[in-house]
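Participant: Single-letter residue listing:
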Amino acid sequence: MYQESLRGARRESLGTAAVLLGTWLALIAASTIYRADFLSRQTLLSVTFTMAVLGVVTVAQSLVTISGGILDLSIPTGLILPAWVIVTLLGHGVNIVFVIAAGLLTGAGWGCLNALIIVFGKLNPIIVTLGTNFAGAAIVNVYLQSGQTPLKSGLATWGQSEVLGLPNVFWAMAIFVVIAGYYLSHSRVGRRTIAVGGNPQAARVRGISLRKTRFGVFLASGAVCGFAALLFTASTLNFVSSETTYYLLPCVAATILAGIRLQGGSGNLWLILLSVGLLATVPTSLAFFGVGELWQNVPPGVVLVVAVSIDGFRQMRVKR
Amino acid sequence: MIAPTSGPEASEEAPLADRTEWRTLLRGAFSGATGSIAITLVAVLLVALFWVGTEFYTTANLTIIGAAVTVPLLVGTCSGFALLAGVVDLSIGSCAGVCAAVFAYLTVHHWGGWPAAGIVVLVGLAIGLVNSVSIVGFGANPLAATLGMLTGLLGLQYVITGQDGLITSLLPGLYSFSNRQLGPLPLIFLLVLVAVGAAYYVVTFSRLGRHVRAVGGDEVAAGRAGIRVKRIRVGALVLSSLGASVAGIIYIGQQGGASNTLGTDITFQVYAALMIGGYSIIRGGVGNPLGGAMGLLVIAGVTEIIDLKGINTYYTDVVIGVLLLAAVFLDRLRGGDSFE
Chain X
1 MYQESLRGAR RESLGTAAVL LGTWLALIAA STIYRADFLS RQTLLSVTFT
51 MAVLGVVTVA QSLVTISGGI LDLSIPTGLI LPAWVIVTLL GHGVNIVFVI
101 AAGLLTGAGW GCLNALIIVF GKLNPIIVTL GTNFAGAAIV NVYLQSGQTP
151 LKSGLATWGQ SEVLGLPNVF WAMAIFVVIA GYYLSHSRVG RRTIAVGGNP
201 QAARVRGISL RKTRFGVFLA SGAVCGFAAL LFTASTLNFV SSETTYYLLP
251 CVAATILAGI RLQGGSGNLW LILLSVGLLA TVPTSLAFFG VGELWQNVPP
301 GVVLVVAVSI DGFRQMRVKR
Chain Z
1 MIAPTSGPEA SEEAPLADRT EWRTLLRGAF SGATGSIAIT LVAVLLVALF
51 WVGTEFYTTA NLTIIGAAVT VPLLVGTCSG FALLAGVVDL SIGSCAGVCA
101 AVFAYLTVHH WGGWPAAGIV VLVGLAIGLV NSVSIVGFGA NPLAATLGML
151 TGLLGLQYVI TGQDGLITSL LPGLYSFSNR QLGPLPLIFL LVLVAVGAAY
201 YVVTFSRLGR HVRAVGGDEV AAGRAGIRVK RIRVGALVLS SLGASVAGII
251 YIGQQGGASN TLGTDITFQV YAALMIGGYS IIRGGVGNPL GGAMGLLVIA
301 GVTEIIDLKG INTYYTDVVI GVLLLAAVFL DRLRGGDSFE
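Respectively, the protein sequence lines represent chains X and Z.
Using the numbering used here, read the first sequence as starting at 1 and increasing by one per residue.
Using the numbering used here, read the second sequence as starting at 1 and increasing by one per residue.
Worth flagging that the hints you see were computed from the coordinates, not collected in a lab.
Fair warning: there could be bad hints in the mix.
Not the full set, but computed from the structure, chain Z residues with beta-carbon under 7 Å of chain X [what the hints assert, rightly or not]:
no.	residue
1	Phe205
2	Asn312
3	Phe329
4	Leu333
5	Ser338
Within a straight-line C-alpha distance of at most 25 Å, the following computed SDA-like cross-link-like pairs (lysine to any residue) qualify [unchecked claim]:
no.	chain 1	residue 1	chain 2	residue 2
6	X	Lys212	X	Gly190
7	X	Lys212	Z	Leu333
8	X	Lys122	Z	Glu340
9	X	Lys122	Z	Val322
10	Z	Lys309	X	Val142
11	X	Lys122	Z	Phe268
12	X	Lys122	Z	Gly335
13	Z	Lys309	X	Gln145
The beta-carbon is built from N, C-alpha and C at its ideal position, and this holds for glycine as well.
This is chain Z alone, in the form it adopts within the complex (with noise of 0.2 Å):
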């Protein structure tokens, strides 16, 4: 939700406006979609402790949780940015999932760490600039786009990984790293947990990520009070591709190798979770990047005790459906869209 900015009043009263900003942006971020989202997590946490018990919340579980999370976690956070410009990313699953096998396919035909992961950034601004020249400079429909290229990296990431639908890398270097710990959660866990606080500071607080509001919000209001509409949404659609690439090779790293498997569903999980924590698919200007993050992680907290309690897992999927109807319901009856 769009936190209200004091407009006109800030410039007669400069210093206390100023301070108000700062506290009616505080206010939004937890009110509203991000409170509610906030709340779950809460309640999912608790959950797990008098269900599941202290084992839910010994090292070794967290740090499987982190390590869980952190692909979908820097997906998510960087193509919120695109939801948020109002140019939904579809391809952004088999983007990592082809980022994945390039980097993989690369490294087992002896190229080293740096110059394959620097490939596979070039393949994620490639595909980033694809979707940008379709959907920017021709003004497709970015649902339908994005889902063309969702199902061409799909198959592209088919025809590398081969009929095994595998091939296996392992970089003593990249591996160790991503299984590094700082304390109980993984390092590079952390450091994602970082770029979603950047993120968030970027979209609450800074010029730029008022003007990519707007430009989700409304793209004809936005235009007309002077902001680059489509230098905008082609820098978020870039990010959102770049964000996929970096977690291809994040996946590498944690898994020792690429599949084909890495796709289609994972683009569904993630926008299932970003909509939880109170981005809309159909419209931009609404949500921000901790609320994301905290419906990411109700998802894997769930997947968690579903996990620990062992229940089938399907159930996992059962929760995020309710959960993602129940979030849009109440974001509903907060005043949200309601379709008719």
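Extracted from the complex, chain X is given alone in its bound form (with noise of 0.2 Å):
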């Protein structure tokens, strides 16, 4: 029974990355057909760097969805506060090992809040993350208008290079995805995360523990945030500190379209690379067409509502 629903899952998330790359490639072919020039290293640099950061916090998005906790609201936060601690830091030449304890603990701390009003207040995430951020990013608004990566600091010098003609950046990125989706998928806190997510009651009675489990998805979530802010410092080396904001709405787009359900209990962090990839091909895509960026949150809304559509037409028939 159990196999045979693992099986399942894992023929879904098989035909759930064929439309992604399908639907990837398609959009790449077209780009080129209509204009030859589009497969450039100008484009691979503007793609790749825009799915670095992406394709990070998205892991972090995601964890909240797969424990079944809806959506974490709070991401422009939990990516601003590492952010501003980082260039803080560098600014006054710490060196770049503290630096990045630093990032990544002041993320997990803006998590382990989100998780003490959660697990102690037993609220759900979606609502509590939407209070915390409306607090939070305005505490940040108040005392940090912008950010600047100090340009002599290891970090920016890091960031800005590449190997084998890709951004450092996205390995970075590509790599966290791996073992993160790799982590998720095979070690027992992972599969722990997932069946909480699936069902709550189920995996109580099977002794695990809910709070525990959800404290632990809030702090990784965070962290996730504090790495996904060391790569927005490295590659946006002047930002203002509402930019961060920009993030929440593709972050949930690329959860969705990955296949991971609002319900909780199932997903894929790998397929986040195909969805990050889509996502961050449209505005350049759009640009080669002649259509201005104006255009470009048109297309994922579009796509994120078919999408969904179409999900919860064949989870219906299942039902059925």
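Once you've looked at the hints, go ahead and assemble the two chains, each given alone in its own frame, into the complex.
Facilitator: Pasting the structure below:
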């Protein structure tokens, strides 16, 4: 029974992967046919740079969704807080090792605050994170309007360099997603997280602590945001603090497009590479089609509505 | 919170039960979440009196508050029906935004006010129907589907308002109507307030309202009881979008133009206010328009206090966040949903 459902889930994620990859390749092919110079180094760099931060943030979002927390609406604050700490410490010439640790810890700290309210208040994460994001983002905005990564810092030079023709930040994201995806589906902790998201009562009966799992998920998701902030400050050297709000809708879209249902309990993090890749290609493609960047939100919105409608329809048929 | 209705007893002792039903309904309306939001509203008004002083209660200031709260109030009251029916509609913010942009665009391109308004209402209707097809027809998750709609409409709004992100549209008739006063308050605010009263009546006392709450509370049970679940959800989603589209027109009347700023922010603010007022975005069947309206008034009051005291306006958001957490926590203590 368990093996069977596992096989079903695997087949489903293979299907989603095929659709995502197909759409992505079709988009690339169409853009290339329209204008042959689409397939250029410039495009590759712009797409991979966009993918880097978005990919990591989407992992943070997906962890919450898979564990049954619906959505983490506080991602913008979870991203800007560590970014702020990172650029401040770098500005004071602190050793990069400590800066990285501080970034990850700040992210985890933000996740911990969310987790405390969620676990001890027994409140739904989507509401709690809506509230904490209101308060958190406002407080950050009071004290920090814009940030700058010092140009001579190790982080900035690392963020601007490449390995094998692709940006370092992209490789960091890709490796991270692969490891996180493997860990979630193969480790005991990861399996427990999925179990809690699928059916909390059943998970509890099996002896899984819901509180510990939820706490762990938000702690991990916060730390992942801290990691995303490292990539963000490494690739975006000048930023305004409201900039991170632009990651919220795309990372939710990328989560849902990767086949991770908002009901929780299912999902394969590896598919994030495809959904983020698709979303990151859209703006560049539109530009090559001669459509201004003003249009860039329209296709993801349409794709999202269509995708969740198809998914809803399939689930409805399964139920019958 | 759903006011307890007397079921079987009502048929046995009709006259008496009828009276007690009214009483329990009224009591239900002012205890629980609505009660605490009423207390919060009074607290805000007292803080305004003692901290800001009578400056807060001047005609000019009441006008400002009334005007500022009109658009969110209309949007929130209509989308409250979607929340009650258990289908959260996150697309309201950019629906209002795109409708404002369309209205401004049409009027700038030599359309009359009324025909343009007609088109805008049709746009709202279309958005509501697309949401309905996706959520009710195909069974898509409402949060996910309307988030997609929010993103897509936000994009359209950018497209219509163009590179400047702004279309100026000053219709003399609409402008003077939007700024007409009745006593210290804008006429349009009072009209929306009447709509809130009507919505409250429908939700609390009418059969339709009971059906909407039943659908949101437990759709399977409601379906078995013979309530047309799909029809009610489609109606609620369409009403939500229509409210947002009319709010978009009012926005043009007040501001004299459309900008691309009306979007995600207003969605989250309206829903925060509605949840402070007793609605829930994750569960249908709870809350009522009166509580939601008071939630929005509380936020408008806090915004104004912070403005008058010359405090950094970002602190309004801090207050919203804290109030939201406090409200849902209080609701949980009172026996609301607990999340584990």
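Participant: Run every hint past the structure and note whether it holds.
Facilitator: How the hints compare with the structure:
Annotation: Phe205 (chain Z) was flagged as interfacial toward chain X, and the flag is violated, the nearest CB pair being 29 Å apart, outside 7 Å. At about 5 Å, the closest approach between the beta carbon of Asn312 (chain Z) and any beta carbon in chain X falls short of 7 Å, and the interface hint on this residue holds. Evaluation of the Phe329 (chain Z) hint against chain X yields a held restraint, the C-beta minimum of about 5 Å falling below 7 Å. Among the interface hints, the one on Leu333 (chain Z) is violated; its C-beta lies about 9 Å from the nearest C-beta in chain X, farther than the 7 Å criterion.
Given the 7 Å rule on beta carbons, the hint for Ser338 (chain Z) holds: about 4 Å separates it from the nearest Cβ of chain X. This hinted pair checks out: Lys212 (chain X) and Gly190 (chain X) have alpha carbons roughly 13 Å apart, not beyond 25 Å. Proposed proximity of Lys212 (chain X) and Leu333 (chain Z) is supported: the alpha carbons are some 22 Å apart, at most 25 Å. Restraint check for Lys122 (chain X) and Glu340 (chain Z): satisfied, since their Cα atoms lie roughly 6 Å apart, inside the 25 Å limit.
Distance restraint check for Lys122 (chain X) and Val322 (chain Z): the Cα-Cα separation of roughly 16 Å lies within the 25 Å cut-off, and the hinted pair is therefore satisfied. Taking the CA atoms of Lys309 (chain Z) and Val142 (chain X), the gap is near 16 Å; set against the 25 Å cutoff, the hint holds. Restraint check: the Cα-Cα separation between Lys122 (chain X) and Phe268 (chain Z) comes to about 22 Å, which is no more than 25 Å; the hinted pair holds. For the suggested pair Lys122 (chain X) and Gly335 (chain Z), the alpha carbons sit about 12 Å apart, so the restraint of at most 25 Å is met.
This hinted pair checks out: Lys309 (chain Z) and Gln145 (chain X) have alpha carbons roughly 22 Å apart, not beyond 25 Å.
When the structure is compared with the earlier hints, violations turn up for hints 1, 4 and for no others.
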